[in-house]
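As you go down the protein sequences, you meet chains P and E in turn. In terms of the working numbering, the first sequence has 333 at position 333, counting the first letter as 1, and numbering is strictly consecutive. In terms of the working numbering, the second sequence has 287 at position 287, counting the first letter as 1, and numbering is strictly consecutive.
Hint data in this document are derived by calculation from the structure and do not stem from the laboratory. Take the hints with a grain of salt, since some may be wrong.
Identical copies go unnamed one by one, so any copy, or any two together, can satisfy a pair.
Cut-off 25 Å, straight-line C-alpha distance, at most; resulting in silico cross-link-like pairs (SDA-like, lysine to any residue) [said to hold, decoys possible]:
| id | residue 1 | residue 2 |
| --- | --- | --- |
| 1 | K334 | N233 |
| 2 | K312 | G366 |
| 3 | K312 | S274 |
| 4 | K235 | P326 |
| 5 | K334 | Q234 |
| 6 | K235 | A325 |
| 7 | K334 | I4 |
| 8 | K312 | S264 |
| 9 | K312 | D349 |
Protein chains: 2
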Amino acid sequence: MTLIATPQSMHFSAPLGLQSGASIREYALTYETYGRLNAARDNAVLICHALNASHHVAGVHAGQDRSEGWWDNMIGPGKPVDTERFFVIGINNLGSCFGSTGPMHPNPDPGQIYGADFPVVTVEDWVNAQALLLDALGVHRLEAVMGGSLGGMQALSWTLQYPERVRHAVVVASAPNLSAENIAFNEVARRAIVSDPDFHGGHFYRHGVVPRRGLRIARMIGHITYLSDDVMNQKFGRELRQAVSENAGGYRFSTQDVEFQIESYLRHQGDKFSEDFDANTYLLITRALDYFDPASAFGGDLTLALARACCKFLLVSFTTDWRFAPARSRELVKALLENRRDVSYAEIDAPHGHDAFLLDDARYLGVVRSYFERVGGSAS
Amino acid sequence: MTLIATPQSMHFSAPLGLQSGASIREYALTYETYGRLNAARDNAVLICHALNASHHVAGVHAGQDRSEGWWDNMIGPGKPVDTERFFVIGINNLGSCFGSTGPMHPNPDPGQIYGADFPVVTVEDWVNAQALLLDALGVHRLEAVMGGSLGGMQALSWTLQYPERVRHAVVVASAPNLSAENIAFNEVARRAIVSDPDFHGGHFYRHGVVPRRGLRIARMIGHITYLSDDVMNQKFGRELRQAVSENAGGYRFSTQDVEFQIESYLRHQGDKFSEDFDANTYLLITRALDYFDPASAFGGDLTLALARACCKFLLVSFTTDWRFAPARSRELVKALLENRRDVSYAEIDAPHGHDAFLLDDARYLGVVRSYFERVGGSAS
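With the sequences and hints as input, model every part of the structure.
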């Protein structure tokens, strides 16, 4: 049975104060829910999304065959997070470009498109906004909050900002903060966007253009870091797109044409992304990644920082993930154990790099399934 | 005693046939030599340069205090490659932008600047041109050929193209070919340059502009891959450039301003590079890297490919080099040993990533020194 997902929107007219000191006067959040909230209201699972994903977590949109949610292999009827048992909620984050209020929307103050004036939002701000939406849905306590990558950071932050509202946190392929190298990759991507002449200081909407060149480069860089060297070698290796002869390796001898399959693949990913992602959103979300660092308020002591968390945890990492390496998940595990928290940790031997958190891997999906089988909550 | 280096230039009026089938009608090579060729002409050492280096390997240019050669810690009087004993030669590769004929020079055929019409050159082409220069210098046999990274590929290629002319090859931080991930990083850098509106299809010289935006991005990407995650964390970590308050991590909350030290460092590297590197050269040199693959003519069998080499080898790799990882050097060692060649191999435990091959590391410099002490050759 296909799960049909229906996006909904909720408008908030009270201003939202942000970590930066700024605020958003009014805003809307787009979200989807799957399954049913039980009478006890204790079977809700919030799914937090990563950089380029959205509220559309599971199922398909009516009449659109190829519109599977980004975690459709994980969430749905009979799936590891079983929507027959759980009431699952996906929320598009503030500043995103898939429905919730973001840089491409009018700023109510001057009445113009926000563009680069959209305020900088943090993981903590997103969690606060998510909490307000849950209030409105009548969900006061989450049976679980779950996310991968940047979504995992939000799940972790929930356990620190609203410890009493979370019973379980599932943090996949994540980290307690970005390393200098992670920030460096984000910065190059941002520079590619900002230095595109079509960016116009972030107010490109007024000029009827989009900084596609910059977005393409940003996406290509990101994409490389999502994959492992091994999986790239397996999928593409040094294969040529079109060998022109038997001689001299079959090369075309061109610096600008596509020569290798990996080049063709990356260009395609860049082109696709530049057509539907907003440049200001890319800047905002990579900055939220850079800024997240719950230990910083505790002099860098992660154990102290996580002392507030009181839920149970499942952490998962992937051996070939060099963006959020297993060592980063182990830092979290160690800090939680030092706080005597109940922690399960699975380090999955998977070849796919960071992208593994989105892919089908029997052991990975099995670990999550087992965990959720032990989690309380039942359909009404 | 300071070694004073003097760049020289040699003009070649016979066309050079290239691997692509094209040829360069006439050209000049810029080079430097250090020490003296002995009477037996058997103490010459050729140093091959990598992506953004040049013929200026050692010493300083007269009257320019801060003009040390890029391998000045390795080469000079009393240094691991001792110019009191060896006659050392550095040659700027064809297509580069530091003196030898390249894209910014006039194409003798139409009489205009080459620009994007400069022919694609390969590692093998460079080695052929280097051999012609050595002929002209009266050096028929090299006591050693040496290089790091792309320079190591040239050293390796010397042993295959001119096996009888090489007694020792020193191949540092190199690989038998690029992996898909390496090619991917090169491709993103190239796309950043080519999609800069100031690139003008490679003929920007005619327009009086330089694709600086693209060059900056290309350099930033490259720079990240030259360093290790560890050394970036040590040098920069999550340190802020200028904390604005004690609150909220001291962040300025900006997506476009520099927030972290690593951002400031990368921007500085990008700016500097974009001022003195040629965009077409960047395309050509990264393509030469992509193309190098001596095993391809042997069905991918590296052992067969290296059977022609008959010199002795020293290979060096660095544990934290993820661009040319130790595993890639070990592939070379294995293939050479299968051919029963005399191979020394040192895997240096160094934190600096790929850049380690240029840096002071007592064990690394010691290994090279010891190797050259065993190598023949004496000053005249």
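Okay, the hints, checked on the actual structure:
1. K334 with N233: between (33 Å within a copy, 20 Å between copies)
2. K312 with G366: Classified as within: same-chain Cα gap 18 Å, cross-chain 53 Å, threshold 25 Å.
3. K312 with S274: neither (39 Å within a copy, 51 Å between copies)
4. K235 with P326: both (23 Å within a copy, 22 Å between copies)
5. K334 with Q234: between (34 Å within a copy, 21 Å between copies)
6. K235 with A325: This pair counts as both: shortest intra-copy Cα distance 21 Å, inter-copy 20 Å.
7. K334 with I4: neither (40 Å within a copy, 56 Å between copies)
8. K312 with S264: neither (44 Å within a copy, 40 Å between copies)
9. K312 with D349: within (24 Å within a copy, 40 Å between copies)
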